[in-house]
Amino acid sequence: MALAQAKQDVTEARLAALSLPEGAGWIKAAREDALARLRAMGLPGRRDEYWKWTRPDALTAPDAAQAAVFEGDDTPVFGEIDRVRLVFVDGVFDAAQSDDPTLAGVEIERLEAAAQTDIHWLKELYGVLETRGQDPVHRPLAALNTAYATDGVVIRATGKAERPVSLIYLHESETSDATLHHVIKVEEGAELTVLENGPAAARLNMVMEVEVADNAAFHHVRAQGRDHERRAVTHLFARLGTESVFKSFTMTANGVLTRNESVIELTGDNATAHIAGACTGDGDFHHDDTVFITHDAAHCESRQVYKKVLRNGAAGVFQGKILVKPDAQKTDGYQISQALLLDGDSQFFAKPELEIYADDVQCSHGSTTGAIDETAIFYLRSRGVPEAEAQDLLTLAFLAEAIEEIEDETIAEDIRTRLEAWLARRRGG
Amino acid sequence: MAALDKTEVKEGVDQETVDAVQSIAGKYKHGWETEIEMEYAPKGVNEDIVRLISEKNGEPEWMTEWRLGAFRRWQGMTEPDWAMVHYPMIDYQDQYYYAKPKSMTEKPKSLDEVDPKLLETYEKLGIPLQEQMILAGVEGAEGTPADARTGEQRKVAVDAVFDSVSVGTTFQKELKQAGVIFCSISDAIRDHPELVRKYLGSVVPVSDNYFATLNSAVFSDGSFVYVPPGVRCPMELSTYFRINAENTGQFERTLIIADKGSYVSYLEGCTAPMRETTQLHAAVVELVALEDAEIKYSTVQNWYPGDEEGRGGIFNFVTKRADCRGDRSKVMWTQVETGSAVTWKYPSCILRGNESQGEFYSIAITNNYQQADTGTKMIHLGKDTRSRIVSKGISAGKAQNTYRGQVAVHPKAKDARNFTQCDSLLIGDKCGAHTVPYIEVRNNSSRVEHEATTSKVDDDQLFYCRQRGMDEEEAVALVVNGFCKDVLQALPMEFAMEAQQLVAISLEGSVG
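Chains as they are written, first to last, in the numbering used here: chain V, 1 to 429; chain X, 1 to 512.
Hint data in this document are derived by calculation from the structure and do not stem from the laboratory. Hints are supplied without guarantee of correctness; some may be wrong.
Said to hold, decoys possible - Computed list of chain V residues with no C-beta within reach of chain X, every gap over 10 angstroms:
#1 L35
#2 M41
#3 G45
#4 V128
#5 D214
#6 F378
#7 W422
Said to hold, decoys possible - Under the rule of at most 25 angstroms between Cα atoms (straight-line distance), these lysine-lysine pairs were calculated in the DSS-like manner:
#8 X/K43 - X/K56
#9 X/K117 - X/K56
#10 X/K430 - V/K330
#11 V/K52 - X/K377
#12 X/K43 - X/K100
#13 X/K383 - X/K412
#14 V/K325 - V/K247
#15 V/K7 - V/K52
#16 X/K198 - X/K43
#17 V/K52 - X/K412
#18 X/K102 - X/K43
#19 V/K325 - X/K430
#20 V/K325 - X/K456
#21 X/K414 - V/K52
#22 X/K485 - X/K377
#23 X/K456 - V/K330
#24 V/K330 - V/K247
#25 X/K377 - X/K414
#26 X/K412 - X/K260
#27 X/K117 - X/K102
#28 X/K100 - X/K56
Backbone N, C-alpha and C define an ideal beta-carbon position, used for all residues, glycine too.
All chains, please: the whole structure from these sequences, using the hints.
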């Protein structure tokens, strides 16, 4: 079916000022393919079912809206953790602020450099997982990213990395518009942890493609920047091999608009995928977690845990899907999405979906929405805990299930501290 | 049944369960056809056909215009494609939109005069003789025999719709005494135009969706119920829909109004002959519950599902919606969906009145190549509104079974409460079970909970039962029986029997 004219117009308007970056023949082809894909799909509009509850306008507009830079009042997250720091300022790699990217068993390159090389393993992955993720649901903003991303890192882990690789996204210009594309390959038996933090820019479009080979493990912990006015759309595409482990956690505090899409394919038997998110929103805040997990192998386990705390008119969206293909027998799929609405103005929208074609599976999902439990507050108050503190305690308890998905205890503690601080700042306010 | 026979049954799924599911789709009991002379309108749909249907029903001008308005809108609409059902393009011009048994042109005066074929039809469908006499349209048959039965058995007043026309409504006199109006919608348009004009299309607007709009243009008959304030309808009301003629679409329209403080329980059953070609059924049901009124609407849908190769069957596109307009009103939908090749049906409740309640209980069984996309919508608008959704889907053979539902809580619907549970059971590895719920909560005093599971028979439950000394078969029987129980219990007694036979998951000798 031909694309609606309005959709075509929005797409062309967005593309007008862009030009495909330079690179070797293979990446040029990958970028041109992505552009063709994008033109065929068109950018998302308000009438698209997949964007039912999130307005994509700000993400598809030709120019990024201004966003004030947030002056942090505490130490940056992950500060205490021994890691290899790679810093991006407004979406551009800054070697001066970054650590020396050498880590035993891990190759780290800048996308730009890899793109100039004629022969590179990246060819097998760049835009490949993104393309796989376009079916059955279109993700045009990811195709836009594949075509035009100018920066990013390319990481290949061949052994067990001693330290996490930490991607730090600094935001300095109020009109910055960043497009980052990372590709990560965790080879057979290897292990890697990637940390991400910071707002990156006034507007961020980020894609991360992750291939986790047989028996490999990948951990991902992300803290999205606290800048109030920032907007972001991120896509995490992952493909999992036999007996591999993939765990991802995202904390989001603040931000006018965030859409985090995670597209995970379990293609080898006995693979495990856990994906979790904790978000706290106050006022002008719209947060959307869209997850699509495909079970295409037997004996796999997937787990989605999403918790949202919303107040003062904040809105939360969860669209999660578990697709179990016919031969994915003995699948264990679990999904929970919960929202705690701290006042009457906040809203939560959820579409927890199951699509199952195998009979010997155990899949369940739950979704709840409601206010804080008054009897629990009463109980705490009767024990002498002031009301505001009682509310914070219960809120943290509510978020705990998501934070527990982080395997590394030090990182989990760091995240917990941030959420406590966020609540403390807003106590009574 | 070939398809399912070949299915490798997983450990833990009892053969009897499989057999029970087989018996539903495999041995379709109502697949015969009545050979009866019919009067058809020409094939296809256009303004002339719409006018003709209106004229045949002796409708006033406003009704004809209403239909034409709907038809004009329908021409500008496109068929929805979002449901998880796939079927060949429907040629809307290759259908008959009006079919009526010729013998019905003049009402027969006694049982001897009734077309024996029509009589036979109802006999075969298992409707008791006395009712059958009434159903066949015999004037004066409603009095004594019906009264004689009072006290022995709960009475059910029946409106039977054969293809496009209502052939008879029973117990009208008795209902009249109570003030209840129960008649065909064509009679209602003639005799109670003020009620019809006020409520028709007020719950499902003319342009609501593609199929509802088509129905608004071409509906030929259906049932109408009005229960006056404070009246508890003295008996169950029932409509029996029968598609008989080939290539004929059935478009019935049901309108039920429960006035302040009244109560009515309504049952609906449907069957159709087995044919290799598919047939279209697009109904609209509108329920209006005013203050303190309660409507219980139960359906056993057993349209012909097609054969095991997926040939033939009914395409069932139904729009059912209830408007809980008054405070403390209550609507309860219960459905057992076992038939139809394609089901597209979402009985919904608009909870407008404060403290109004909506309930939805559903069992959907699909086998062979059947596809069902069914669920509900609960729209919470009033304060303290409550809704409860219990959906059980059983999928076997090569069938696809989808629950699609929406729970929306508006900002003003303070302290609303919803609980949703949808469970799916898969039997065989060629079928699919899907859950697509939409949850929208716009205030924090409400509590919305949604749970869904998809599984084969649960091993833990089996283990527990076996540990208590049951053998495996008994244990499975108990677990599977329990799977559908929530819904079966919600059915009125009159339908529970039929539904249990249809579901037949409860096994002989099992507990409960």
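Inset, instruction - May I ask which of the numbered hints given earlier this structure violates, with the numbers listed in increasing order? - result: Hint 16 contradicted; others consistent.
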